[in-house]
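Undergrad: Chains as they are written, first to last, in my numbering: chain A, 1 to 76; chain B, 1001 to 1216.
Possibly wrong hints are sitting among the right ones.
Listed below are the simulated SDA-like cross-link pairs for lysine to any residue, each with C-alpha atoms no more than 25 Å apart in a straight line [said to hold, decoys possible]:
1) K18/A / M1099/B
2) K18/A / V1167/B
3) K18/A / H1044/B
4) K55/A / Y1138/B
5) K55/A / N1139/B
6) K1197/B / N1033/B
7) K1050/B / K18/A
8) K55/A / F1133/B
9) K55/A / F1092/B
10) K1050/B / I54/A
11) K1062/B / F1092/B
12) K1062/B / E1207/B
13) K1069/B / K1197/B
14) K55/A / V1089/B
15) K55/A / E1053/B
16) K1062/B / K18/A
17) K55/A / N1033/B
18) K55/A / N1046/B
19) K55/A / L1107/B
20) K1197/B / I1113/B
21) K55/A / V1160/B
22) K55/A / E1206/B
23) K55/A / V1167/B
24) K1069/B / F1142/B
25) K18/A / N1123/B
26) K55/A / L76/A
27) K55/A / E1201/B
Pairwise CB distance ranges, derived in the manner of DEER restraints [claimed, not checked]:
28) L24/A / Q1176/B: 43 to 53 Å
29) L66/A / E1054/B: 32 to 42 Å
30) P1064/B / V17/A: 36 to 46 Å
31) Y1106/B / V30/A: 13 to 23 Å
32) L1174/B / V52/A: 34 to 44 Å
33) N1033/B / P13/A: 53 to 63 Å
34) S1146/B / I15/A: 22 to 32 Å
35) V17/A / I1145/B: 23 to 33 Å
36) Q1182/B / L66/A: 41 to 51 Å
37) L63/A / R1159/B: 37 to 47 Å
Hint data in this document are derived by calculation from the structure and do not stem from the laboratory.
Given the structure is predicted, the values throughout are model-derived calculations rather than measurements.
In this text, a Cβ means the ideal position worked out from N, Cα and C, and glycines have one as well.
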Amino acid sequence: MSLDFLNLGRVDPWIIVKIPVVILLALYVVFAFVVVRQTRIMTNTLEIGLEVPIKILSYLHFLFALFLFLFALTVL
Amino acid sequence: MADIFVAEKKKKEALQKDGSHSEFHAQQKKSHNPLSSFCYYPAHANFENKDSEETVVLLMRKHPITNIKWIVVGILMLAAPLVALSFPVLSFLPFRFFMVAILSWYLITSAYIFENFLIWFFNVYIVTDERIFDVDFYNLVFRQISDCELSQIQDVTVRVGSVIRTVLNYGDILIQTAAEEQEFDFEAVPQPDRVAKILRELRVEEEIEEREGVVR
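Chain B with its partners taken away, still in its complex shape (with noise of 0.2 Å):
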């Protein structure tokens, strides 16, 4: 026999003999910070059209590195009245005005900051033991939530692509699927090939459930 099929062999036998993946990683320590990218069996994470015996495996969002862009314009921002205070470029608005503007640029400004913050905080990528999520929250008014069953995965592919993200080790995952959404791309996330090979494991599983016909 081949040894690529010795191999596959062995690793089934394995999980059989030591217990599904899902149970032997339930029982690790769970993650509880509601911030970070990369939560491994996530203490509180509940969705929508959650199975009431699915369990939550990954739950990550792109790393935070990414939002270093919007915190630092969220910052000039706030200093910006500070410069037209310093300078007399609004000296020709009456003092109410003035006040108006000074109070509708904060406005603006935590909007700015408030939105940059949503859009990293929902935009998560949640990996089941039964299905994988991406929920896309493009904006305040536009969000989409695909899902595709683990079984339906075809091939995932791990990508790194530039000095800073091999350094905090995260990159992109592309997920090919036979599902209606025929491909996932999980951005910026964390620990890339820590996810895939999880993602593989699941996938191990999952067959192995098939062929004995377990149901859920």
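Here chain A stands alone, though its shape is the one from the complex (with noise of 0.2 Å):
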């Protein structure tokens, strides 16, 4: 699908889709940190085995949620 339709000049009509995906990714980051945040938390409320795997799990997810909004500010 085209953008060209929207007539906006010299400017790069795909950069009204990277402004939305772009602030959506750093929403996600923040959430991905709440994430490791309250992952933490309940590891220290309750030790019942797995606190490693589970905290790495969440390290690992923020880490993912990071990368894609780089990759996506820097790519897009």
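Assembly of the complex is requested from the two constituent chains, each provided in isolation within its own frame, with the hints serving as guidance.
TA: Next up, the structure:
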């Protein structure tokens, strides 16, 4: 689908798509950080095994979100 | 004397004779699997406001079969981009947007699977030799922890209500209490009859301790 019909002159029409995508990914990074905090609180509140793997998974999720945000910021 | 009182008396005498329920059962084999949904005297179970002399008797969570829905949805979500690649549904996107769309999809999928796993894993029901705990982990930002003394339990109801629950032996346990949280609902826990029996034994033991004036 071409966005040429928007007739934005020299401005890349896909920039209109890029801005909300980057904002949403930035919000997702905040959410991923909250998940890390909440996971840490829960593993401290309840010690029932698997604390380390769960913490690692939450950090990996956060890093994935951060990577995707930076990737979108630079590539789009 | 009525039979019911004779039976109660005999049960208490047996408990006193053999030592307490806790002492006897604590010597049984301990469960070490952290993913188990029914841990009797778990080897590694600790929580924030646990008293030093308090022993965790039961650690339960929902039966693993209750996870089947999100596991199937998760697998379908993982496979969805392959379908998108087979059919040109996203072909209008420039390659860089396509890449971000696919990676975003996998990010959301990983969050969905991780959240559902955490909700199952941290939604636990704990029975100690002093109290019962209901830890509700509703989502990644909201949780609730309720507790009640064993002596405040008024009524325990076991509810097993469908074919699959009967076959796999899991069900709900409704506990009426005199505490602020008037009803504790242990949902879809394995071996509900055994749980009710253990609760009854612990309550009798607690009653005996109260009569004898044992202070912990």
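Undergrad: Run every hint past the structure and note whether it holds.
TA: Hint check:
Taking the CA atoms of K18/A and M1099/B, the gap is about 13 Å. The hint holds against a cut of 25 Å. With a CA separation close to 53 Å, the supplied pair K18/A and V1167/B exceeds the 25 Å bound. Under the criterion of a C-alpha separation no larger than 25 Å, the hint pairing K18/A with H1044/B is inconsistent with the structure, at around 48 Å. At most 25 Å may separate the alpha-carbon atoms for a hinted pair to count; K55/A and Y1138/B meet this at roughly 19 Å.
Our distance criterion of 25 Å between C-alpha atoms is met by K55/A and N1139/B, whose separation comes to about 16 Å. Note on K1197/B and N1033/B: the hinted pairing holds, with a Cα-Cα distance of about 23 Å set against a maximum of 25 Å. Between K1050/B and K18/A the alpha-carbon distance is near 50 Å, which puts this suggested pair outside the 25 Å criterion. Restraint check for K55/A and F1133/B: satisfied, since their Cα atoms lie roughly 24 Å apart, inside the 25 Å limit.
For the suggested pair K55/A and F1092/B, the alpha carbons sit about 39 Å apart, so the restraint of at most 25 Å is broken. Taking the CA atoms of K1050/B and I54/A, the gap is about 22 Å. The hint holds against a cut of 25 Å. Our distance criterion of 25 Å between C-alpha atoms is broken by K1062/B and F1092/B, whose separation comes to about 44 Å. Note on K1062/B and E1207/B: the hinted pairing is violated, with a Cα-Cα distance of about 29 Å set against a maximum of 25 Å.
The straight-line distance between the Cα atoms of K1069/B and K1197/B is roughly 31 Å, outside the 25 Å bound, and the hint therefore fails. At most 25 Å may separate the alpha-carbon atoms for a hinted pair to count; K55/A and V1089/B exceed this at roughly 37 Å. For the suggested pair K55/A and E1053/B, the alpha carbons sit about 29 Å apart, so the restraint of at most 25 Å is broken. Our distance criterion of 25 Å between C-alpha atoms is broken by K1062/B and K18/A, whose separation comes to about 42 Å.
For the proposed pair K55/A and N1033/B, the alpha carbon gap of about 18 Å is at most 25 Å, so the pair holds. A hinted pair counts as satisfied when its Cα atoms are at most 25 Å apart, and K55/A with N1046/B qualifies at roughly 17 Å. Only pairs whose Cα atoms come within 25 Å are accepted, and K55/A paired with L1107/B is accepted, the gap being roughly 17 Å. Straight-line distance between C-alpha atoms of K1197/B and I1113/B comes to about 35 Å, which puts the hinted pair past the 25 Å bound.
For a cut-off of 25 Å, the pair hint linking K55/A to V1160/B is broken: about 35 Å separates their Cα positions. Annotation: proposed proximity of K55/A to E1206/B is violated, straight-line Cα distance about 37 Å (limit 25 Å). For the hint linking K55/A to V1167/B, the alpha-carbon distance of about 35 Å lies beyond 25 Å, and the restraint is violated. Restraint check for K1069/B and F1142/B: satisfied, since their Cα atoms lie roughly 22 Å apart, inside the 25 Å limit.
In summary, the hint linking K18/A to N1123/B is not supported, as the alpha carbons are separated by about 39 Å, beyond the 25 Å threshold. Simply put, K55/A and L76/A have alpha-carbon atoms about 31 Å apart, too far for the 25 Å limit, and the pair is violated. Proposed proximity of K55/A and E1201/B is contradicted: the alpha carbons are some 37 Å apart, above 25 Å. Take L24/A and Q1176/B: their Cβ atoms lie about 46 Å apart, and the range 43 to 53 Å holds.
In this structure the hint that L66/A and E1054/B lie 32 to 42 Å apart at CB holds, the actual value being about 41 Å. One distance hint, 36 to 46 Å for the beta-carbon pair P1064/B and V17/A, holds here, with the actual separation near 42 Å. Roughly 19 Å separates the CB atoms of Y1106/B and V30/A, a value that falls within the hinted 13 to 23 Å. Distance hint check for L1174/B and V52/A: the Cβ-Cβ separation is about 35 Å, which falls inside the suggested range of 34 to 44 Å.
The hinted range of 53 to 63 Å is satisfied by N1033/B and P13/A, whose Cβ atoms lie roughly 55 Å apart. For the pair S1146/B and I15/A, the supplied restraint of 22 to 32 Å is violated, since their beta-carbon distance comes to about 51 Å. Checked against the hint of 23 to 33 Å, the C-beta distance between V17/A and I1145/B comes to roughly 44 Å, which is inconsistent with it. Roughly 45 Å separates the CB atoms of Q1182/B and L66/A, a value that falls within the hinted 41 to 51 Å.
For L63/A paired with R1159/B, a C-beta distance near 44 Å keeps the hint of 37 to 47 Å intact.
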